Structures are given as structure tokens and as C-alpha cells.
Amino acid sequence: MKEKVREKIAAFLNQPPASIQDDAILTTLVPESFLLVELVIELQEEFGVRLMQDDLRDVKTVNDLTAVVERNLQAKE
Amino acid sequence: MIDDNDLWILSYYRISEISGALFFGRLARSLKPGPIQHDMTKHFSDEALHAWYWTECIEKLGGKPRKLLEAYQDQYLSAAGMPANLMEVLSLTQVFERRVINQYARHSQVPNLPVEILETLQKIMVDEKWHIQWIGDALRDLVPEFGKEVLEQTMKRYWQADQEVYEKTLQEHEDRIAHLIQKRS
Numbered sequence: 000m001k002e003k004v005r006e007k008i009a010a011f012l013n014q015p016p017a018s019i020q021d022d023a024i025l026t027t028l029v030p031e032s033f034l035l036v037e038l039v040i041e042l043q044e045e046f047g048v049r050l051m052q053d054d055l056r057d058v059k060t061v062n063d064l065t066a067v068v069e070r071n072l073q074a075k076e
Numbered sequence: 000m001i002d003d004n005d006l007w008i009l010s011y012y013r014i015s016e017i018s019g020a021l022f023f024g025r026l027a028r029s030l031k032p033g034p035i036q037h038d039m040t041k042h043f044s045d046e047a048l049h050a051w052y053w054t055e056c057i058e059k060l061g062g063k064p065r066k067l068l069e070a071y072q073d074q075y076l077s078a079a080g081m082p083a084n085l086m087e088v089l090s091l092t093q094v095f096e097r098r099v100i101n102q103y104a105r106h107s108q109v110p111n112l113p114v115e116i117l118e119t120l121q122k123i124m125v126d127e128k129w130h131i132q133w134i135g136d137a138l139r140d141l142v143p144e145f146g147k148e149v150l151e152q153t154m155k156r157y158w159q160a161d162q163e164v165y166e167k168t169l170q171e172h173e174d175r176i177a178h179l180i181q182k183r184s
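Chains A and B, in that order, give the protein sequences. Taking numbering that gives the first Met the number 0, I'd label the letters of the first sequence as residues 0 to 76. Taking numbering that gives the first Met the number 0, I'd label the letters of the second sequence as residues 0 to 184.
Please note that the accuracy of each hint is not assured.
Unchecked claim - Computed list of lysine to aspartate or glutamate pairs in DMTMM-like fashion (alpha-carbon distance at most 25 angstroms, straight line): (1) B:Lys-155 / A:Asp-57; (2) B:Lys-31 / A:Asp-22; (3) B:Lys-155 / A:Glu-37; (4) A:Lys-75 / B:Glu-148; (5) B:Lys-41 / A:Glu-2; (6) B:Lys-31 / A:Glu-31; (7) A:Lys-59 / B:Asp-73; (8) B:Lys-155 / A:Asp-54; (9) A:Lys-75 / B:Glu-144; (10) B:Lys-31 / A:Glu-44; (11) B:Lys-147 / A:Glu-44; (12) B:Lys-41 / B:Asp-3; (13) B:Lys-41 / A:Glu-44; (14) B:Lys-31 / A:Asp-21; (15) B:Lys-31 / A:Glu-45; (16) B:Lys-155 / B:Asp-140; (17) B:Lys-155 / A:Glu-45; (18) B:Lys-31 / A:Asp-54; (19) B:Lys-31 / A:Glu-76; (20) A:Lys-75 / B:Glu-151; (21) B:Lys-147 / A:Glu-76; (22) B:Lys-31 / A:Glu-2; (23) A:Lys-3 / A:Asp-63; (24) B:Lys-31 / A:Glu-41; (25) B:Lys-41 / A:Glu-37.
Hint data in this document are derived by calculation from the structure and do not stem from the laboratory. Just so it is clear, the structure is predicted and the values come from calculations on it, not from any experiment.
Please model the complete structure; the sequences and the hints are all you need to start from.
Next up, the structure:
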């Protein structure tokens with residue numbers, strides 16, 4: 000799952016997956032807030048999960064975002 | 000020739016319409032085809048057209064659009080936090096669109112407003128009313144997925160953010176409108 004999320008982020012940013020580090024800060028990778036909203040919604044559409052604003056409160060890095068998507072997927076199963 | 004106050008306000012409308020068109024255009028691309036994507040496609044095409052209306056209006060009045068760094072939407076995002084899903088995006092947009100239509104309606108009441116500005120405001124307000132309607136319908140359709148209570152809490156949170164934005168930053172817009180009313184009365 001981690002790899003799939005990373006691939007999706009990389010595709011969104013038009014970058015190779017290997018260039019997306021786990022500890023990369025999301026607001027540095029995607030400096031424009033509206034693009035970050037779009038990325039989060041695109042991940043939900045792709046993986047069929049539903050994230051709320053509260054879920055993202057402590058999300059800072061790629062790893063944090065991946066973990067939230069994974070948790071939501073597990074909760075759904 | 001357009002004065003500085005008019006130019007600032009119209010340029011602010013213009014950049015906000017451009018930001019709306021870009022955001023909803025990209026979001027429509029991310030969504031799966033369906034009724035929400037259908038109406039969002041119309042929404043972003045309206046906003047792009049509104050940006051053109053303001054560009055044309057400014058030029059007809061003898062000005063050039065001013066490059067502004069922030070749009071309405073940036074201020075909302077900063078006050079309300081980042082929406083994380085479609086329901087939150089639509090709720091925030093609903094609150095924002097209501098504020099915009101109120102601002103446009105107030106602007107259209109300015110006495111002796113140049114006809115180019117009045118006609119542009121009137122054209123855009125017709126579309127803005129439809130934006131509020133389609134988003135309201137879409138939010139009702141999302142109730143089964145999110146629950147009525149969550150939806151109401153989300154709207155309440157964004158209304159509070161709207162007040163915060165209004166008090167902090169949109170006051171400048173309000174002051175400029177008040178100045179126009181004073182000048183043209």
C-alpha cells in the first residue's frame with residue numbers, strides 16, 4: 000500500500016516514485032494549498048477511502064499521509 | 000478612466016474567479032464521472048468566463064487588471080484549514096459563494112455605477128445563484144455517506160471561518176465599497 004500511495008503522489012507531481020522520500024514534508028512537496036487538497040481527494044478517489052479534516056490534523060510528511068490512508072483502508076475492511 | 004479603488008476591487012474579483020476556475024477545473028479532473036463532476040464542470044467553466052468578464056470590463060473602463068497575490072479562496076483556506084474530502088470542499092464553497100454573492104449584490108447597489116460594472120455584476124450573480132443551488136443539492140446527496148450531523152457541524156465550522164475571514168481581511172473590500180458609495184452618492 001505504501002508503494003501505491005507513493006506512486007500516486009509521484010504521478011500527481013509528475014516525478015519518479017523514487018524521488019518521493021517518506022519523510023518529505025507535504026507542504027514542501029506541494030506548496031500550493033489547493034493542489035494539496037486536490038492530491039488528498041485524488042488519493043481518496045483512487046483507494047476508495049474517506050478522509051476528514053480531523054484525520055489530517057497531524058499529517059506533515061508523506062509517511063504520515065500514507066499511514067492515514069492505510070488506517071482508513073483497514074477500518075473499511 | 001478607472002480609479003484606483005475600482006481597479007483594486009475588480010482585479011480582486013478577477014483573481015478570485017481565476018483561482019476558482021483553476022481549483023474546480025483540477026478537482027473535476029480528479030473526480031469519477033457522475034452528477035457532481037457534471038455540475039462542477041459547469042461551475043469551473045462559469046468561473047473562467049467570469050474572469051474573462053472582469054478582464055474585459057476593466058479594459059473597457061480604460062484600465063489593466065492589477066496582479067494581486069491573494070484571492071478570496073486563499074483567505075478561506077487559511078482560516079478554515081484544509082478541507083479533506085469532497086463534502087468539506089463543497090461546504091466551504093457554499094459558504095464562500097454566499098459571501099461572494101452578497102458582496103456582488105452590495106457592489107451593484109453603489110449609486111451611479113458605470114454600466115460596464117453593473118452589467119458584469121448582474122450577469123455573474125445569475126450564475127452564482129445556480130452555484131449555490133447545485134452545491135446545496137450535491138451536499139444533500141452526500142448526507143447518506145457522511146450523516147446529517149457531520150454535515151451540519153462542518154457547515155457551522157466554515158460559517159465561523161467565514162466570519163473570521165470577513166472580520167480580518169474582507170473588511171478592506173467592504174471599506175472600498177463604502178468609499179465608492181460615498182464618492183458616487
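Lys-31 (chain B) and Glu-31 (chain A): Cα distance at most 25 angstroms? Roughly 23 angstroms separates the two Cα atoms, so the pair holds.
Proposed proximity, Glu-2 (chain A) with Lys-31 (chain B) (alpha carbon, max 25 angstroms): Answer holds: Lys-31 (chain B) to Glu-2 (chain A) is near 23 angstroms, not above 25 angstroms.
Does Glu-41 (chain A) sit within 25 angstroms of Lys-31 (chain B), going by the straight-line distance between their CA atoms? The given pair, whose Cα atoms are some 10 angstroms apart, holds under the 25 angstroms limit.
Can the restraint linking Lys-31 (chain B) and Glu-76 (chain A) be considered satisfied, given a maximum Cα separation of 25 angstroms? Between Lys-31 (chain B) and Glu-76 (chain A) the Cα gap is close to 22 angstroms, so the pair holds against 25 angstroms.
Hinted pair, alpha-carbon criterion (25 angstroms max): Lys-31 (chain B), Glu-45 (chain A). Please report holds or violated. Holds: Lys-31 (chain B) and Glu-45 (chain A) sit about 9 angstroms apart, inside 25 angstroms.
Does Glu-37 (chain A) lie within 25 angstroms of Lys-155 (chain B) when you go C-alpha to C-alpha? 23 angstroms, holds
Need the status of pair Lys-41 (chain B), Glu-2 (chain A): alpha-carbon distance at most 25 angstroms? Since the Cα atoms of Lys-41 (chain B) and Glu-2 (chain A) sit roughly 35 angstroms apart, the hinted pair is violated (cutoff 25 angstroms).
Starting from Lys-41 (chain B), check that the Cα of Glu-44 (chain A) is at most 25 angstroms away, please. The hint holds at about 21 angstroms.
Holds or violated: Lys-31 (chain B) to Asp-21 (chain A), with C-alpha atoms at most 25 angstroms apart: The given pair, whose Cα atoms are some 28 angstroms apart, is violated under the 25 angstroms limit.
If you draw a straight line from the CA of Lys-31 (chain B) to the CA of Asp-22 (chain A), is it 25 angstroms or shorter? Roughly 30 angstroms between the alpha carbons, so the hint for Lys-31 (chain B) and Asp-22 (chain A) is violated.
Mind checking the alpha carbons of Lys-155 (chain B) and Asp-54 (chain A) for me, to see if they're no more than 25 angstroms apart? The hint holds at about 18 angstroms.
Is Lys-3 (chain A) close enough to Asp-63 (chain A), meaning Cα to Cα at most 25 angstroms? It holds: about 14 angstroms lies between the C-alpha atoms, which stays within 25 angstroms.
Hint compliance for this structure: hints 2, 5, 12, 14 and 17 are not met, and every other hint is.
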